[in-house]
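Engineer: Residue strings, one per chain:
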Amino acid sequence: MQEVMKKALELLQNGTVSRILGWKTGDFFYDLTPAVFESAEEVEKDFVFSPFCGANLSKYLIKESRKEGKIAVFLKPCDSYSFVQLLKEHRIIRDNVYVVGVACDGMCDIEKMKELGVKGVTAVREDGENLVCETLYGEKTVARKDALLERCVSCKSKKVVMFDEMLGENGEENPESHRFDKVAELEAMTPDERFAFWQNELSRCIRCNACRNVCPACSCEKCVFDNANSGIANKAAVTSFEEQNFHIIRAFHVASRCTDCGECSRVCPQHIPLHLLNRKFIKDINELYGEYQAGADMDTKPPLMNFTKDDCEPSIVHERGGDK
Amino acid sequence: MQVNGEYKPTIVAFCCNWCSYAGADLSGTNRLTYPDNVKIIRIPCSCRLNPMFILRAFQRGADGVILCGCHPGDCHYTTGNYYARRRMTLLFSMLDFLGIERERTRVEWVSAAEGAKFAATMNEFTAQVAKLGENKRLEDLRCKK
Ligand code: SF4
Ligand code: SF4
Ligand code: FES
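For the record, the sequence lines run as chains A and B.
In terms of this note's numbering, the first sequence opens at residue 1 and continues consecutively.
In terms of this note's numbering, the second sequence opens at residue 325 and continues consecutively.
Treat each hint with caution, since some may be false.
[To be verified] With a cut-off of at most 20 Å between alpha-carbon atoms, the simulated EDC-like pairs for lysine to aspartate or glutamate come out as follows: (1) A/Lys145 <-> A/Glu111; (2) B/Lys455 <-> A/Glu111; (3) A/Lys88 <-> A/Asp164; (4) B/Lys455 <-> A/Asp192; (5) B/Lys441 <-> A/Glu313; (6) B/Lys460 <-> A/Glu111; (7) A/Lys114 <-> A/Glu139; (8) A/Lys309 <-> B/Asp398; (9) B/Lys460 <-> A/Glu319; (10) B/Lys455 <-> B/Glu427; (11) A/Lys222 <-> A/Glu201; (12) B/Lys460 <-> A/Glu193.
[As the list claims (entries may be wrong)] Simulated restraints on C-beta separations: (13) B/Arg384 <-> A/Ser177: 36 to 44 Å; (14) B/Ile365 <-> A/Cys223: 21 to 29 Å; (15) A/Lys182 <-> B/Arg355: 33 to 41 Å; (16) B/Lys363 <-> A/Gly117: 57 to 65 Å; (17) B/Ile365 <-> A/Gln270: 33 to 41 Å.
[Said to hold, decoys possible] Rough simulated footprint, nothing fancy, chain B against chain A, three-plus residues with beta-carbon under 8 Å: (18) 12–19; (19) 36–42; (20) 48–60; (21) 158–167; (22) 187–194.
In case anyone wonders, no lab produced these hints; they're calculated from the structure.
The C-beta atom is built at its ideal place from N, Cα and C for all residues, glycine as well.
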């Protein structure tokens, strides 16, 4: 989308902002990385907006909005929820940010394209519903919907919740996203099956901490996991259920503030479906305390920072479960 | 833990200072008995219970963990136990989601006057955990001394 880059140039040139937060090419063209651009030349040289812009830029504003001058940021619908959640937590200085909302057709996952047999890709261009890939073995076309990131397959909303300006038409929330299907499937298993499922997933974790670092809801200056004396700073030496503590606590610390942006699963080099842990919390919250979408507005309290006198007792977990 | 060839589960009971810890005291003064493998840890309020404490107890070899606090509405700090209630509900549900036996966790509200309830709860919970046997799923050799 040339439009996005044009907007970046325009905002710099007319003095609305002094910096741009966007994406540039990383090690590979499909491996885009967040970047700050300070001049039109830099934008022209490196700025990219492509179907691989999965990275959520909102977390970078915690630091960037505290610097001198105004910064423009491009936010996809899912990113905008994280942005609002961070604003709510007073982590971003709103006055220093100019938000450009971008309409979203879903972002793509190179791994899925590889599974579809598109190997040795050197460039990808959008063509309506399709992606035309130039590869070492000639041109190949895949339908965009087959190459979507897992989180985009079950996108909860195409609505940018807060913006100063919108590029493209703003969309709607999608109540039919089926995003809890996999969680429900796991809930229907026996505890032994669930244990086996998670043991298989989590024992692949290499404790790179990428999931923690990327998460916009996870922004403490000092993190419990950085405690060298805790014995959990490195990978477990056990075979039973490695890294359970890390993963339970990681998900718990963001529970009720997690907007379900899906970044944790996107960045995991081991392809662990971490978003399922977050979604389990969201699903439970919806069922037990009423529907709640973090980051959807500025004035509701996250359910874990709230209560009612007649909340259910923790024993509901035992009662609900039956003998499953 | 094996004691004289008999399995005794290790139970960690987090008790809020104002109600349940006093309740435990009362059960002692009343000469009621509960298993000596229940290890009581006093906390200022039920909402002081960081989920990490529970997991760490399990990692170090607890077979069951129970939280006792003031009855809802009676918290010394007015609302602490309401927050704790939501947190524990979600945490227990998550443990269950990961396939960890849900009978290993429990929350019970015990007031300072309920010495008998304290002893009965501990007896019952210990028996429940004993049936499950040792906690293997959450133990972590890195954390064991
Ligand atoms: S989750 Fe939705 S809004 Fe976010 S990148 Fe995917 S399709 Fe776009
Ligand atoms: S990103 Fe994946 S491998 Fe890295 S710490 Fe998180 S779960 Fe583990
Ligand atoms: S003081 Fe007992 S639960 Fe808060």
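Engineer: It remains to establish, for every hint, whether it holds in the given structure.
Structural biologist: Hints versus structure:
no., hint, result
1, A/Lys145 <-> A/Glu111, "holds (14 Å)"
2, B/Lys455 <-> A/Glu111, "violated (46 Å)"
3, A/Lys88 <-> A/Asp164, "holds (17 Å)"
4, B/Lys455 <-> A/Asp192, "holds (17 Å)"
5, B/Lys441 <-> A/Glu313, "holds (18 Å)"
6, B/Lys460 <-> A/Glu111, "violated (36 Å)"
7, A/Lys114 <-> A/Glu139, "holds (14 Å)"
8, A/Lys309 <-> B/Asp398, "holds (12 Å)"
9, B/Lys460 <-> A/Glu319, "violated (24 Å)"
10, B/Lys455 <-> B/Glu427, "holds (10 Å)"
11, A/Lys222 <-> A/Glu201, "violated (27 Å)"
12, B/Lys460 <-> A/Glu193, "holds (16 Å)"
13, B/Arg384 <-> A/Ser177: 36 to 44 Å, "holds (41 Å)"
14, B/Ile365 <-> A/Cys223: 21 to 29 Å, "holds (24 Å)"
15, A/Lys182 <-> B/Arg355: 33 to 41 Å, "violated (53 Å)"
16, B/Lys363 <-> A/Gly117: 57 to 65 Å, "holds (58 Å)"
17, B/Ile365 <-> A/Gln270: 33 to 41 Å, "holds (35 Å)"
18, 12–19, "violated (count 0)"
19, 36–42, "violated (count 0)"
20, 48–60, "violated (count 0)"
21, 158–167, "violated (count 0)"
22, 187–194, "holds (count 5)"
In this structure, the earlier hints numbered 2, 6, 9, 11, 15, 18, 19, 20, 21 are contradicted, and the remaining ones agree with it.
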